[in-house]
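J.: The lines below spell out each chain.
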Amino acid sequence: MALTGRLPLLLLLGIVPVVLRPSMGTVWLWLLTVALVGALDWWRAPRPATLSLARRPVPTTRLGQPAESALTVVNDGARRIDALLRDAWQPSAGATGNRHRVRLAAGERAVLRTTLLPRRRGDLQAVGVTVRARGPLGLVCRQWTAPVPGAVRSLPPFDSRKHLPSRLARLRDLDGRSAVRVRGQGTEFDSLREYVRGDDVRSIDWRASARNRTVVVRTWQPERDRRVVLVLDTSRTSAGRVGSGDGVPRLDSAMDAALLLAALAARAGDRVDFVAGDRRVRARLRSHTLDVSARLQEQMADLEPVIAEADWPGLVAAITGLGRQRALVVLLTPLEPAAVEDGLLPVLAALTAHHRVVLASVRDPDLESLATARGDLDEVYDAAAAEQALARRRRTAQLLVALGVDVLDADAESLPPVLADHYLALKARGLL
Amino acid sequence: MTWLRDHRTSLVIGGALVVAIAVAVLLGGGARTSADLDPANPDPDGAQALARVLADQGVEVEVVRDAAALERLDGLAGSTVVVTSAGDLGRSTARRLVATAQGARIVVVDPAPGTLRALGIRVSSTRSRPAEDLAADCADPLTRDLHLDVDRATTYALDGCFSDETGSMLVQRAGLLLFGAGGAWANGQVLRGDNAALALRLLGQRERLVWYVPSLADLVADDGVSLSTLLPRWLAPGLFLAVLASGALVLWRARRLGPLASEPLPVVVRAIETTRSRGRLYRRAGDRAHAASALRTAARRRAAERLRLGVGSEPDVVVREVARHLDRPVAEIQPLLDPATPAPVTDHDLIHLANALAELDREVRRP
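In order, the protein sequence lines correspond to chains A and B.
Sequential numbering of the first sequence, starting at 1, is according to full-length UniProt numbering.
Sequential numbering of the second sequence, starting at 1, is according to full-length UniProt numbering.
Among the hints, erroneous ones may be present.
Said to hold, decoys possible - Restraint ranges, calculated between C-beta atoms of paired labels, are given here:
#1 B:Arg306 x A:Glu68: 55 to 61 Å
#2 B:Ala139 x A:Leu13: 55 to 61 Å
#3 A:Gly97 x B:Arg306: 55 to 61 Å
#4 B:Ala289 x A:Thr372: 18 to 24 Å
#5 B:Ser313 x A:Asp302: 47 to 53 Å
#6 A:Leu20 x B:Gln205: 36 to 42 Å
#7 A:Ser166 x B:Leu260: 44 to 50 Å
#8 B:Ser10 x A:Asp302: 47 to 53 Å
#9 A:Asp302 x B:Arg362: 19 to 25 Å
#10 B:Ala254 x A:Ala373: 46 to 52 Å
#11 B:Arg5 x A:Leu13: 24 to 30 Å
#12 A:Leu20 x B:Arg201: 34 to 40 Å
Hints listed in this document are in silico derivations from the structure and should not be mistaken for laboratory results.
Please read all numbers here as calculations on a predicted model, not as lab measurements.
Don't be surprised by glycine CBs; every beta carbon is placed ideally from N, CA and C.
So that you can see chain B by itself, here it is in the shape it has in the complex (with noise of 0.2 Å):
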């Protein structure tokens, strides 16, 4: 008991989550569907406001949801047929539906470049988002004075109505009539413009229409559909919801556990630093002739101490004494130890000095 008072919220959070989740399942559950323009999706992207609108305007409208069951029905001839998910269309059902709806008033809405291709009708399209309130601008009677407003649309490069500089959205070919703006058609836009005026003219104009919803079951295996017919549906959302929780991974381990913790810099200074940019300086001035006179007395100094002569003996003593102590004659060891001698002309003289110098350290140094 005491663990249930402990989890007391938990056991509620929870509680109230699988409750909310049971009754979302549930209300959302039953006959529809979420195929964009289906007449059964009573969804913003559905169509079935237009499909009883259609019905109530006394039309019989009749879903068919595969080609068996289009094919199976009579009298075709004196009806209107629309299809919606036209990107389900393969080349088969396609010529299926071509077949079978001979004589009737076709309309496929929204069709891809792959179901144009399997329609047999060669012609770009292009997706673009149309100005509110687009007139018909055409000849037909039908729709001559109407106005589309709609989000998308794709427009397909032929003469037909409702055009901009792309093409035009509504277009008659090879018997069919092709409608580009299906969302227009749709719940969430229906509404809008003289978007439900367009549907009940195009799709009310005989007694009996026909709503042919292909489906991807129909295809046979040499049929080509676009890669979008063959993705799972819930690829996109799952990827976009995969995005949201990497971003919240980041939030979680971009948070840090309380604010750095700052730390009073010590002052970091070689002691040597001084003397080397001294070198450093002397080296862009190119200042042989003191570089040259600082290592000279450098080593007149050693060598005094070395030999015991005292500081401050004059130069020519210290030469003197160095070349009695090597045995080697004072015009070896002159030029190297007395200050008189002219300073080194080229860097490499210089670098040869001090190694000469260095090694008469040595030498001197030696017992």
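The following block holds chain A by itself, in its conformation from the complex (with noise of 0.2 Å):
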């Protein structure tokens, strides 16, 4: 049950049969009309659980990027309904403008649209419908909620985007397609063509000159069908935030960059695995070459950074569950010294042996500020403590290093573009 404005109103009102009859037995008395009024005006409202609520399945959407929910709405009852309608959302699915007024006669159908702005990565869901009839009268109004279920998907934002284009051209400059192209290492013989100004000499080819009229060279590719296998950590170390503001959680970061070496592996024509985990294995991609980011952001959607240590084992037992095949494995994680020496270093042998590795690593910019402030005693001190953690990392990355692991250590914005960097990097060496 709730009331309306009418209600105080008609109580007010009140006044007047109070100055015709200065009494409190007045009030009383009408106190009581108003309430038995009241009463026959609920009695009357029509139930709300003859409406019939559906929702159509929300379109997935990117987080920041609008979607909208349609609830249909059909009066099964034998009379005409007017109400207020709310469509609940979990507040960071951004529903504004969800609440509906609806009249309805008797088998009457409507849909309510509701605009989502997803605030958070994951599955946000829709907490229940809630419909608040009017009685006749309109002084009371029977209410009541329905769970109508629903969730709108919101993916990983994807920001380094804005990258992938200059990165495909400097791999279009890897591959055959362009004519400055010197033979070496990790390249296969692609097709010969005509000699044109600005070849390299070196890559004619004198026999296929010799039966034609013109000068012949051969043309490289990088190679293909390499195995790209991208690990993200989202233990304990991930959910740290990093950057202006409240932060981005480094997990976040580390997901646009692997996001970004994916869509480029796949455009080299390298096949792309993904691991995510932490105590578990969280989520698990296997080959796909078409479409590769679309499904990576699907499986990254719901991955939250929890509380516990990285059973990096396990990651490494499924890492290798994935294919024996030589890889570049990638593990986004951040260098964390006492996570990297306890958990990663005593497994690092198994995948060193087999794959080319690389860790890349979310740098807090915060650690260098705090390094160099040095006004008072707090900061003096908080500069110590900055330098020793800065000292600790250098020397992890040091030990990795050693142990034959490439490790990128990079800003939030910095590190997509620099890992991708890496890997057309090693891609032009044949490393991969």
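Join these two chains into a complex; the hints should help.
T.: As structure tokens, this is what we get:
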């Protein structure tokens, strides 16, 4: 049950009889009358449960992009219904304008549209639909909440898309399609074509030129069908936020880097595998060359960092389970000395023996600024702590390099292009 | 016609409401009044019952509602005059009452402090909630054996009947009989205890009873009356109604449209948090030696990197090279970079060292 604004007004209207006959008895009599009329109105109000509610599936959207939820309302009752309807979503779904006034005659239907603007990654749930149906006098309403399940899937934003065109251009440079191309390690013979000025004279195929009237050069293309395994660490160290304001979890920045690399590798003709996990494997995706970005985003949508240590032996087993073929294994995990030395180092040898391993870490720019600020005593002690943390990080990185791992430590914004460039460099040198 | 059918229920309810109000107004109308203890008021607070019973007992009850009518009456001397709604008595009307009713037996019911002043009686009064079946407990033969049962009463700090610790409810003063338990004569309470008997004995002693209900219209400009008599009578119930309406307003606004939507909260941890707390730990422990050593090591490493001395070069090599690079004596650089230098003794020294190291770092970087 719920009141409307008319009920206090009606009560206040009782001032007329009170002035005509000033006594407390009049007030009580008026209150009784209003209560009776209110009860009658409530009794005559249509039952909200006679509305049947159905939600259409909400299309997948990307974080920060609007989506729309459509709710179909049918009046199954025999009476006209005049109601206020609220389509409630969890706050981060960003449902604006989710209150709808519905006036439906018996058997009539309406489609109510609520705009959603997700502010978080993952599956955002609808909470329920509340119907408040007014009585014939509009004094009292019947209220009822029905669970109408629904969810909108909000994918990672993939902000690093903007770096993709320039990296693809460089990939084409590596490819035989571009004229300037040197043969070398990690390339395979592509085709023969006519010499044009600017081509490397070393790539002239003299034997083919002898058979032709023109000079012919060989073109080369990078090796294809290599494997790239992206390993996303969702353990406690990934929960730390970096950057200005409230910051972004390191996990989200790592996802951005992984998405860019996956898109690039797929275009380069490599196969991309994906494993995400902490104590256990949370997501796994096997070798797809087609539309790998979309599938990867789908997999990443509901990954959240958990407050637990990563189980590296388990993750390494999952990587090995994906295939025996040599691969580029990209570990997207923060370079946290304690976590890396205790968890990762003991099992790293098993990986480096078979694969080329790259560790991509999101650096915290605050650490450097903390180390340089030396205004007062607090800041000096903080600077000492920061210097020590930096030294330990550097030592861990050196340790990893000594074990044959490429370590990339970059800010959240620059990690995706740095990782992509590293991949291109490895590809150009045929080290995949 | 469709409109009529659609709004049939509203019309029926609205019509019923109008009829109900009309009936209430018609039935409640007539010559009645709503003043407390008014002889024409049949409500629980009125005194119509008492007036009727007195009339049935052969007392000639005459209701007078203004001072001029009271003055026009003859032969008041041998009759009883009872004054209800005594709060409406002003100084002038009280004087006119006392002058007109010379020789009569005057009973003033529930005189408030203001009324007492108007009557020229200086006595303090107290509102009280008397015990049930309060005995008269006095020498007056009229009331000696009676018990009074009333919800609320006023006591006057004088000797009289129906007393409690604060005073008495029935007192004789300046030729007037003051009765503080007027509620006992209201229609709603007159049947309890010996209330009715007391009323009959006090008011029915003489053949004729003049029931004087003073009117505010008789007052002259400088009459002091209590504030409550000046305020409109509907004010208190009206305020009460307003309170009820605001209660309904609160209920209207406080009702949520459905349950709260909850959000599974994410973990919000700044990555820098652990480093900061380590800094606070050093600070609390006052570990200047450790802090200085960390800062020195970092400065040495940066200098070695800048001067291309290679990783893991000895501290004295770094000190020498830095001194040569900056063209400064080794003795000046040594206390800053050498790990063998004793740790700073005071916090001030530590800050000084930290800033000197930062300055050195800038100098080494300068091309």
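J.: None of the hints should be skipped; say for each whether it holds.
T.: Status of the hints after comparison with the structure:
no.: 1; hint: B:Arg306 x A:Glu68: 55 to 61 Å; result: 58 Å, holds
no.: 2; hint: B:Ala139 x A:Leu13: 55 to 61 Å; result: 57 Å, holds
no.: 3; hint: A:Gly97 x B:Arg306: 55 to 61 Å; result: 59 Å, holds
no.: 4; hint: B:Ala289 x A:Thr372: 18 to 24 Å; result: 22 Å, holds
no.: 5; hint: B:Ser313 x A:Asp302: 47 to 53 Å; result: 50 Å, holds
no.: 6; hint: A:Leu20 x B:Gln205: 36 to 42 Å; result: 39 Å, holds
no.: 7; hint: A:Ser166 x B:Leu260: 44 to 50 Å; result: 47 Å, holds
no.: 8; hint: B:Ser10 x A:Asp302: 47 to 53 Å; result: 51 Å, holds
no.: 9; hint: A:Asp302 x B:Arg362: 19 to 25 Å; result: 48 Å, violated
no.: 10; hint: B:Ala254 x A:Ala373: 46 to 52 Å; result: 50 Å, holds
no.: 11; hint: B:Arg5 x A:Leu13: 24 to 30 Å; result: 28 Å, holds
no.: 12; hint: A:Leu20 x B:Arg201: 34 to 40 Å; result: 38 Å, holds
When each numbered hint is compared with the structure, a violation occurs for hint 9 only.
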